[in-house]
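Colleague: Protein chains in written order, with the working numbering: chain L, -10 to 333; chain D, 303 to 401; chain C, 280 to 609.
None of these hints come from the bench; they were simulated from the model.
Beta carbons are placed, not taken as given, at the ideal position from N, Cα and C, and that holds for glycine.
Be a bit skeptical, because a hint or two may be false.
Distance windows between CB atoms, simulated [what the hints assert, rightly or not]:
{"id": "1", "chain 1": "L", "residue 1": "245", "chain 2": "C", "residue 2": "376", "range": "24 to 34 Å"}
{"id": "2", "chain 1": "C", "residue 1": "526", "chain 2": "L", "residue 2": "133", "range": "36 to 46 Å"}
{"id": "3", "chain 1": "L", "residue 1": "133", "chain 2": "C", "residue 2": "499", "range": "52 to 62 Å"}
In silico EDC-like pairs for lysine to aspartate or glutamate, Cα to Cα no more than 20 Å straight-line [unchecked claim]:
{"id": "4", "chain 1": "L", "residue 1": "170", "chain 2": "C", "residue 2": "523"}
{"id": "5", "chain 1": "L", "residue 1": "170", "chain 2": "L", "residue 2": "189"}
{"id": "6", "chain 1": "L", "residue 1": "90", "chain 2": "C", "residue 2": "484"}
{"id": "7", "chain 1": "C", "residue 1": "566", "chain 2": "L", "residue 2": "304"}
{"id": "8", "chain 1": "L", "residue 1": "284", "chain 2": "C", "residue 2": "589"}
{"id": "9", "chain 1": "C", "residue 1": "578", "chain 2": "C", "residue 2": "523"}
{"id": "10", "chain 1": "L", "residue 1": "275", "chain 2": "L", "residue 2": "256"}
{"id": "11", "chain 1": "L", "residue 1": "208", "chain 2": "L", "residue 2": "256"}
{"id": "12", "chain 1": "D", "residue 1": "374", "chain 2": "C", "residue 2": "523"}
{"id": "13", "chain 1": "C", "residue 1": "450", "chain 2": "L", "residue 2": "97"}
Output of the computed footprint for chain D on chain L, the stretches with three or more beta carbons under 8 Å from beta carbons of chain D [what the hints assert, rightly or not]:
{"id": "14", "region": "82 to 90"}
{"id": "15", "region": "102 to 114"}
{"id": "16", "region": "160 to 172"}
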Amino acid sequence: MTTLHELLEQRPKMRYIFTGGKGGVGKTVAAAGLAYHCASQGESVLVASLNPVHSLSSLFGQSLSGGKVIEVRGAKNVHAVEVETTEVVERYRNSIRGRVKEFLKWADIPLDARPFIEIAATNPAFEESAMFDRMVDYILKEGEAYDRVIFDTAAVANAVRLIGLSKIYGLWLTRMIDSRKEALSMRVQLSFRKEKVMAEVKKDPLMADLISMNERFEKAKGVLVDPERTAFFFVTLPLALPIAVVRRFIGMVQKFNIPIGGVIVNEVLRPEVALQDGAGEYLANKYHEQTAYMKVLYRDLGPLVRSYIPLYSSEVTGVDMVRRVSEDMMTYTPPFAAELMGAA
Amino acid sequence: MTDSKEAADPKGRKGRGARVKEGMKGVLYGMAAHGHVTAALRTRMYLEHLFMFITLGDMLGVPVIPPYYSLKILPYAVPNIKSWKQRVFRERDFTDQVF
Amino acid sequence: MGLASYFETKGDKGIVIFAGKGGLGKTTCSAGLSHYMASKRNRNVLCFSTDPQASLSDIFDRDIFGKGLVSVIPNLDVVEIDADRRVADYQGEVKQKILTMYGLSELPAEIEEYIDSTSAEPAMYESATYDAMADLVSTSGHDLYVFDMPPFGHGVRMIAMAEILSKWVGKITEAREKAQEYEAVAATLKGTKVSEDEVLKELQDIQAKITRFTDLMVDQRRTAFFMVLIPERMAILDTERALEMFDALGLQMAGLIVNQVYPAELAEAKGGEAVEFLRNRARMQRKYLDEIKSKFAGKVVAMLPMYPREPRGLDMIERVSQDLLFGPAL
Chain L
-10 MTTLHELLEQ
0 RPKMRYIFTG
10 GKGGVGKTVA
20 AAGLAYHCAS
30 QGESVLVASL
40 NPVHSLSSLF
50 GQSLSGGKVI
60 EVRGAKNVHA
70 VEVETTEVVE
80 RYRNSIRGRV
90 KEFLKWADIP
100 LDARPFIEIA
110 ATNPAFEESA
120 MFDRMVDYIL
130 KEGEAYDRVI
140 FDTAAVANAV
150 RLIGLSKIYG
160 LWLTRMIDSR
170 KEALSMRVQL
180 SFRKEKVMAE
190 VKKDPLMADL
200 ISMNERFEKA
210 KGVLVDPERT
220 AFFFVTLPLA
230 LPIAVVRRFI
240 GMVQKFNIPI
250 GGVIVNEVLR
260 PEVALQDGAG
270 EYLANKYHEQ
280 TAYMKVLYRD
290 LGPLVRSYIP
300 LYSSEVTGVD
310 MVRRVSEDMM
320 TYTPPFAAEL
330 MGAA
Chain D
303 MTDSKEAADP
313 KGRKGRGARV
323 KEGMKGVLYG
333 MAAHGHVTAA
343 LRTRMYLEHL
353 FMFITLGDML
363 GVPVIPPYYS
373 LKILPYAVPN
383 IKSWKQRVFR
393 ERDFTDQVF
Chain C
280 MGLASYFETK
290 GDKGIVIFAG
300 KGGLGKTTCS
310 AGLSHYMASK
320 RNRNVLCFST
330 DPQASLSDIF
340 DRDIFGKGLV
350 SVIPNLDVVE
360 IDADRRVADY
370 QGEVKQKILT
380 MYGLSELPAE
390 IEEYIDSTSA
400 EPAMYESATY
410 DAMADLVSTS
420 GHDLYVFDMP
430 PFGHGVRMIA
440 MAEILSKWVG
450 KITEAREKAQ
460 EYEAVAATLK
470 GTKVSEDEVL
480 KELQDIQAKI
490 TRFTDLMVDQ
500 RRTAFFMVLI
510 PERMAILDTE
520 RALEMFDALG
530 LQMAGLIVNQ
540 VYPAELAEAK
550 GGEAVEFLRN
560 RARMQRKYLD
570 EIKSKFAGKV
580 VAMLPMYPRE
590 PRGLDMIERV
600 SQDLLFGPAL
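Start from the sequences and build out the full structure, keeping to the hints where you can.
Modeller: Below, the structure is given as structure tokens:
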């Protein structure tokens, strides 16, 4: 059964790594630990947060915000970026704003445009499309400069759509392009110059943008389904709900042919700590519960479990803690693993 | 609401110009068919456009209101989709701005 | 302190909403409050989750997802919406309506494709959930509704939509009131009148449902929002951000609930590694509890301890409810 450490060693070309799972399980911690480890082996690494609620700064204990790639202080070869979508989303919003206003004017509709714009501008598809667009950028452009690019994704639903690779991404954009083409065709038909349609469509800078986006998206798709180059890791806690989420999530990811790297179990309570004399009811009970959930995990996803991160007595904050996480991720196997897994 | 040039003049008794005029009435308030535009007619026209825009906007790439709600009134727009799009897409300046 | 004293001073509410990030305990709080109100105060309670990850099923230790109202104890009904299925059913209804209205045996390709493609829109799931909530609150006849917070962006959209719909309905009604001109114009419309009545009705229905619900949500006499957080850095930052958003929407937070707090004595306990482990965590929390106290002065209404076991099952929920309603606060 391959460990995470072995997997990384066996696949030097596995450049694009994703961490996913329920909210609060520690995706960012796992991503940071992975990044630190690879960097310590001499690789150049980029860890990119695709989660709109960025926690890389908090994790590394330094400011990494602003949407630019920053070299992490105290972690050689680790670069980090909290991916920003504000600019792209604003572009989308302005384009919709403009179109709505124009229509209301043309049709002589004497209603205030503001509520329309308010509704259109808060469309959740904009944020998701924008994040996807930025991810594609990192895959096709910035990512090439690194040996590994580790993406920390958002909570499940978004991540699934993000990697859905065909649906929401650009859906409304695609419709806009099609409408434009149809509108132009109608006019062009009238003047019998059909070959001018695409040329006309591309004249609009937003349209040209959108068309190239679709092309880039197809390229990125090729990378994302390649098991040599990509792997998706699921992070879970030894608790019922996160495990159930991982199970569902794995199914969805498989459907899209994204290669699965394995499962990382976070916040594992060590028996040496929990079962000591005098440890008390709290830790003993928690350990007991954990054992039950680990049995379930091994039963359902045993062969996929690749790595464990212990529960620490302090918060995971700062480069020193990240180093500790990275070491444990690669070397720590709980004493109960062999027995429970064998029994599963 | 349906296009009905034929229904207006089933036996083809009127001349070509008159038939076109009738046809225009059927295609959403062609203004030329009426001598002048009353306030009421104007209201009906923009209400029609508003309805189609809200219902079809999302389908055409301008997400106006959440699709969950526009889907509810979509059935009422179905017979007019083609003629409305033609009306709207043919306007040069306008389509350059919106579509 | 505890929530009981909040309700004593502010009166019983019709709706209680617990907000907060994933994994911090809002569903636990929903369950706790619901249990108490149903079992000890004899209120008819509906506990509802908008979280697509079946966390109520987990907490009540029963399969509730997509099963409609499930009675877990007398007076307490629990619901977990299967948004995916609702969206699919809804799409089916729209398709069927078109087929029926026009006597078709199949849909025009463009239309079928469009209806199907709406499954990929995140807004569809939000709307379906919101719609389900609005339905439950207005038709199920319970005394108290308890749920976790639906997505923010949707709230903003709802308020704006209510505005547009009411203006639109107003304009149509106004146009139709000008009866004479209307009749003359209607003559050219060949059959519009029937459809228009129906469209108007649909719009009025949508508008009424949305307005009824949003009015309820912003009415502080009837609805109370509580934010759940834990004594950790990110959670505190998120709470600050959330409070700003609430402010912007014109909503008020009734109070904060701090969850997963280690007992204070632990911070000073002496002992081996195990105890050191807990002591460190307790100390770290103390720091953040102080921060919470200063940043959100006076807003903390309840505190929940770190339980020795995961709060699952009716026994644990009852324990949670006691702590939530009557436990200490800062």
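Colleague: Please work out if residue 208 of chain L and residue 256 of chain L have their alpha carbons no farther apart than 20 Å.
Modeller: violated (37 Å)
Colleague: Does the structure keep residue 284 of chain L and residue 589 of chain C at a Cα separation of 20 Å or less?
Modeller: holds (17 Å)
Colleague: Taking the beta carbons of residue 245 of chain L and residue 376 of chain C, is their distance inside 24 to 34 Å?
Modeller: holds (32 Å)
Colleague: For residue 170 of chain L and residue 189 of chain L, compute the direct alpha-carbon distance and say whether it is at most 20 Å.
Modeller: holds (9 Å)
Colleague: Three residues or more, CB to CB closer than 8 Å: is that satisfied between the region 82 to 90 of chain L and chain D?
Modeller: holds (count 4)
Colleague: Verify the proposed pairing of residue 450 of chain C with residue 97 of chain L, using a straight-line Cα cut of 20 Å.
Modeller: Holds, at roughly 13 Å.
Colleague: Would you say the C-beta atoms of residue 526 of chain C and residue 133 of chain L sit inside 36 to 46 Å of each other?
Modeller: holds (44 Å)
Colleague: Mind checking the alpha carbons of residue 90 of chain L and residue 484 of chain C for me, to see if they're no more than 20 Å apart?
Modeller: violated (27 Å)
Colleague: Is the Cα-Cα distance between residue 374 of chain D and residue 523 of chain C 20 Å or less?
Modeller: violated (34 Å)
Colleague: Three residues minimum, CB to CB under 8 Å: does the region 102 to 114 of chain L make the cut for coverage by chain D? Let me know.
Modeller: holds (count 5)
Colleague: Confirm or reject the claim that residue 133 of chain L and residue 499 of chain C have a C-beta distance inside 52 to 62 Å.
Modeller: holds (54 Å)
Colleague: So if I understand the rule, the pair passes when the alpha-carbon distance is 20 Å or less; does residue 170 of chain L with residue 523 of chain C pass?
Modeller: violated (43 Å)
Checked against the numbered hints given earlier, the structure breaks hints 4, 6, 11, 12 and satisfies all the rest.
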